[in-house]
Amino acid sequence: MPGERITILERIDVPGGALDGLEKPDKGFVIRGGREMENHFECLWDLFRSIPSLEVEGASVLDEFYWLNKDDPNFSLQRATIEQGKPAPDMGKFTLSKAAQKDMLKVFMATREEMENKRINEVFGEDFLASNFWMYWRTMFAFEEWHSALEMKLYLHRFIHHIGGLADFFRVEVHPLQPVRIAGAAIGEVVEGPGRGVPVLHRGDRCRFRHRCHQRTQAGHAHPLEPRRPARWHGTRPR
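Residue numbers (the UniProt record's numbering): 1 to 239.
Since the hints were derived computationally from the structure, they do not count as laboratory data.
For every residue, glycine included, the Cβ atom is placed at its ideal position computed from N, Cα and C.
Treat the hints with care, as some may be off.
Straight-line Cα separation of at most 27 Å, DSS-like style, residue types lysine-lysine; simulated pairs [what the hints assert, rightly or not]:
id	residue 1	residue 2
1	K106	K118
2	K93	K106
3	K98	K118
4	K102	K118
Quick list of simulated restraints, FRET-style, between CB atoms [to be verified]:
id	residue 1	residue 2	range
5	T7	L54	16 to 26 Å
6	K70	E145	32 to 42 Å
7	E114	A142	22 to 32 Å
8	I6	H147	27 to 37 Å
9	E10	L54	17 to 27 Å
10	G58	I8	19 to 29 Å
11	E145	A88	17 to 27 Å
12	E144	E38	18 to 28 Å
13	H157	D26	43 to 53 Å
14	Q101	H40	19 to 29 Å
15	T81	A110	30 to 40 Å
16	G58	K118	48 to 58 Å
17	P2	E83	54 to 64 Å
With the hints as constraints, model all of the structure from the sequences given.
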């Protein structure tokens, strides 16, 4: 689709939506949130395959993810702490009682209608909310007890394959740079690239930003067989 037929609306001055970042040396560098990448973001990984790296000539963002996670897989030796740095008890264990496990099964098997207009603490008992599983889950996905029970159910369905990695993050894919910001910046280079001319309209701003970048960022970009990569990254590139 021609870029002039696409308009991106931005509510704030910093482009990127939830992928934004503040870069002011006098105030600091701030990213509002992280996004855990995982193996089954099939559509996103396919998109990253067509997004050129900002650092490595001839490589893609997918290449960068693949190289690092093949040679230095992500995992946490200390998933959670309490009392100003002490290891949380029973690390690596979910500590789910029979009652808590029963609550999980009920929520997982419930219909959407049964979970609508209910809070998490209305469908899960005290045993579940005191478990390590809930601690791992809420710190992984930013859930609170008063959040939607339906959303909790849908997350359980979507990320059931993540449960085995909740205790040490080993199922989370990482990028050499901050994955949220680097992905947003790289994609931004593409949508505003040559042949695209995608205008980015910020709230209260009448200007249209049409930044240009190298021709290789256009759709249909073909990857070279052997991209040059930094010495710190090893392994083969994804196919």
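Outcome of the hint check:
| no. | hint | result |
| --- | --- | --- |
| 1 | K106 with K118 | holds, 14 Å |
| 2 | K93 with K106 | holds, 21 Å |
| 3 | K98 with K118 | holds, 23 Å |
| 4 | K102 with K118 | holds, 18 Å |
| 5 | T7 with L54: 16 to 26 Å | holds, 24 Å |
| 6 | K70 with E145: 32 to 42 Å | holds, 38 Å |
| 7 | E114 with A142: 22 to 32 Å | holds, 24 Å |
| 8 | I6 with H147: 27 to 37 Å | holds, 34 Å |
| 9 | E10 with L54: 17 to 27 Å | holds, 20 Å |
| 10 | G58 with I8: 19 to 29 Å | holds, 27 Å |
| 11 | E145 with A88: 17 to 27 Å | holds, 18 Å |
| 12 | E144 with E38: 18 to 28 Å | holds, 22 Å |
| 13 | H157 with D26: 43 to 53 Å | holds, 45 Å |
| 14 | Q101 with H40: 19 to 29 Å | holds, 24 Å |
| 15 | T81 with A110: 30 to 40 Å | holds, 34 Å |
| 16 | G58 with K118: 48 to 58 Å | holds, 51 Å |
| 17 | P2 with E83: 54 to 64 Å | holds, 58 Å |
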